[in-house]
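Trainee: With these hints in hand, go ahead and build the complete structure from the sequences.
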Amino acid sequence: MNVPDNLKYAESHEWILVDGDLGTIGITDHAQNELTDIVYVDPPKVGATVSAGQAAAVVESVKAASDIYAPVDGEVVEVNPALADSPALVNTSPYDEGWLFKVRLTNPAQLDALKSPEDYRTQIG
Amino acid sequence: MSEPARRTVLYDLQKSAGARCINFGGWEMPVQFTSIIDEHQTVRTACGVFDISHMGEVFVSGPASFDFLQQMLANDLAKCPVGGAQYTFLLNERGGVIDDLIVYRLGDRDFLLLVNAAKIAEDVAWLEQHLVPEVKLDNRSATMSALAVQGPDAARVFRVAFDGEMPARNTFVALEKCRGAVIAAGTGYTGEAGFEIFFPSMLASDIWQSVLAAGAKPCGLGARDTLRLEMCYPLNGSDLSPDRTPLEAGLGMFVALDKPGFLGREALLAQKSAGLPSRLAAIRMTEKSPPPRAHYPVLVDGAVVGETTSGALSPSSGDGIAMAYLPPHLATPGQAVQIDIRGRLFAAVVEKKPFHRPNSKRPA
Numbered sequence: 001m002n003v004p005d006n007l008k009y010a011e012s013h014e015w016i017l018v019d020g021d022l023g024t025i026g027i028t029d030h031a032q033n034e035l036t037d038i039v040y041v042d043p044p045k046v047g048a049t050v051s052a053g054q055a056a057a058v059v060e061s062v063k064a065a066s067d068i069y070a071p072v073d074g075e076v077v078e079v080n081p082a083l084a085d086s087p088a089l090v091n092t093s094p095y096d097e098g099w100l101f102k103v104r105l106t107n108p109a110q111l112d113a114l115k116s117p118e119d120y121r122t123q124i125g
Numbered sequence: 001m002s003e004p005a006r007r008t009v010l011y012d013l014q015k016s017a018g019a020r021c022i023n024f025g026g027w028e029m030p031v032q033f034t035s036i037i038d039e040h041q042t043v044r045t046a047c048g049v050f051d052i053s054h055m056g057e058v059f060v061s062g063p064a065s066f067d068f069l070q071q072m073l074a075n076d077l078a079k080c081p082v083g084g085a086q087y088t089f090l091l092n093e094r095g096g097v098i099d100d101l102i103v104y105r106l107g108d109r110d111f112l113l114l115v116n117a118a119k120i121a122e123d124v125a126w127l128e129q130h131l132v133p134e135v136k137l138d139n140r141s142a143t144m145s146a147l148a149v150q151g152p153d154a155a156r157v158f159r160v161a162f163d164g165e166m167p168a169r170n171t172f173v174a175l176e177k178c179r180g181a182v183i184a185a186g187t188g189y190t191g192e193a194g195f196e197i198f199f200p201s202m203l204a205s206d207i208w209q210s211v212l213a214a215g216a217k218p219c220g221l222g223a224r225d226t227l228r229l230e231m232c233y234p235l236n237g238s239d240l241s242p243d244r245t246p247l248e249a250g251l252g253m254f255v256a257l258d259k260p261g262f263l264g265r266e267a268l269l270a271q272k273s274a275g276l277p278s279r280l281a282a283i284r285m286t287e288k289s290p291p292p293r294a295h296y297p298v299l300v301d302g303a304v305v306g307e308t309t310s311g312a313l314s315p316s317s318g319d320g321i322a323m324a325y326l327p328p329h330l331a332t333p334g335q336a337v338q339i340d341i342r343g344r345l346f347a348a349v350v351e352k353k354p355f356h357r358p359n360s361k362r363p364a
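Chains as they are written, first to last, in this note's numbering: chain C, 1 to 125; chain R, 1 to 364.
Just so you know, these hints were derived from the structure itself, not from any lab.
Listed next, with one range per pair, are the computed distances between beta-carbon atoms:
no.	chain 1	residue 1	chain 2	residue 2	range
1	C	Ala-84	R	Lys-15	32 to 40 Å
2	R	Arg-342	C	Ser-51	15 to 23 Å
3	C	Ala-84	R	Ala-174	50 to 58 Å
4	R	Glu-165	C	Asp-96	45 to 53 Å
5	R	Arg-140	C	Gln-54	49 to 57 Å
6	C	Asp-67	R	Glu-287	18 to 26 Å
7	R	Ala-336	C	Glu-75	35 to 43 Å
8	R	Arg-6	C	Ala-84	39 to 47 Å
9	R	Asp-12	C	Ala-88	28 to 36 Å
10	R	Gly-318	C	Val-46	26 to 34 Å
11	C	Asp-67	R	Pro-297	13 to 21 Å
Stretches of chain R that chain C covers, calculated by requiring three or more beta carbons in the stretch to come under 8 Å of a beta carbon on chain C:
no.	region
12	288–297
13	303–316
C-beta atoms are modelled at their ideal positions from N, C-alpha and C, and glycine is treated no differently.
Mentor: Right under this line is the structure:
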C-alpha cells in the first residue's frame, strides 16, 4: 500500500497534508482499498468546526457507510467539489484528486500526536 | 456472548482467492473478492459463483411427509412434481414468516428443504414441535455444502464442469457423479439464469475448483445482496419477519390460500378480509443521494410512514434502491416519498417491482 512520506496519519486511516495553517485531509490508500467501491461522499460544510477524533465526513461504499474522523481541530475552508460527481476518485487517487476537505488548523500542536509514515506503515502491516 | 463465527469448508480456498469476510448469520463469509460492483456485473453479464454452504439442508421423508409439509408450508406442494423445486414459507400461527425456503421434491414422499443459515435451528425446532408419526426429519446442514452459480454464462459453465445440460428453472437433477449424492437445481437468488448445487462437504473443494476452471468468478455476499435487491427478492430477517405476512410482502402468489388447512392460513384469511395493514414497496431514489440502507425513515408530506427494510446503490442502474413496508394506499407505483438519510430528506418514488429485468432470465 502507498504511504507517502510527506503526510501525517491518524490511526483511523486519515492523512493530512500541512501547508502553513492549512491542512488538506483525505483517507489512506489502505482505507480506500478496505472500503472499495466508494459511491458517495458526504463532506462537512464549509465553515463548520471539526474536532480531532470526531466524525467530520461520511464515505459510503456499496457495502457500508463509514465515518471519517478529523485528525486535528480546525475550521473547514473547502471541500473537494469533484467528489460530488466522481466519488470513486477516493479509490483511484486517495492522496491527490480524492482529497476530502481542507481545514484552517486551530490547534497545530495536535499534529505532533499523529503518526509518521513509518509508524503508519507498521500499523497497517 | 455470541458463539464464534463458523466457517464453511471452502473458507481457506476462498481466502486464497482474495475473499474479504464478514459475519453473516453466525458465519464468517466472503462479502467480496475484488469489488461488489465488479462481482455484480460479472453475474449480470457472465457467470459468478457464490459459496452458500452456510444455508441449511433439511431432508423430510416418510409415508406422512407430504401431508406433514402440506400442513407446515404455505405453498401448494401438490403443484410441485417429483424433480421440481418450489419457493414457499414456514409461517407462525399469526401468518408471520419464520422462514422463506425452497423445497425440492426428491421423490413422492421425499423432500429437501433449503433454508436460511440463521434460521436452521429455529426451523428444525418448529418442524419437530409439530412432528407427526411416520415423518422423518434429517438435518444434514452440518455435513453438506452448496454453491450458487449464476449468470448468462452459467449453462456453459455447467456443461464444462459437469458434462451435462443445466437443469431448467425450478427443476433439479441428481448428478451421476458421486452416486447421485450431488443435486443440481435450476434455482437462484440473482434473477439470472443459473443453478445451485448441493453436495456432501467432502466434495466441496473439487466442485469449487471445477466450477472456477469452467470460467465462473468467485463472488461474495455483497453482490448477492445487490443482485437480489434489484430483483426485489426478500431477505429474511430484513424484508421478512415473524410480524409480517407474505401477503404484506407481496408474495401472495407463493401462498395457497385455497389449500385446506396449513399453519398460518386462518390468520392470512382474516388479514385478507380485514385489509392488509401494510405492503412492501419498491422505492427508487430520484435525486442524487447517499445510498439508502436498512432502517432509514420513509416520509410522505413530512410525516414518517415507514422505514426501509433493505437498501443499496443499484450497480445496474446507478440509482439508490430500497424496500419498505408502507400503508397500502401509499405503496402504489408513482407515489412520491422521501427518505431520511442522516437527517436530510431525499426524493424517491414507489415503483413497480422488480427494479431490474435481467436478459438471461428464462421463462418460468
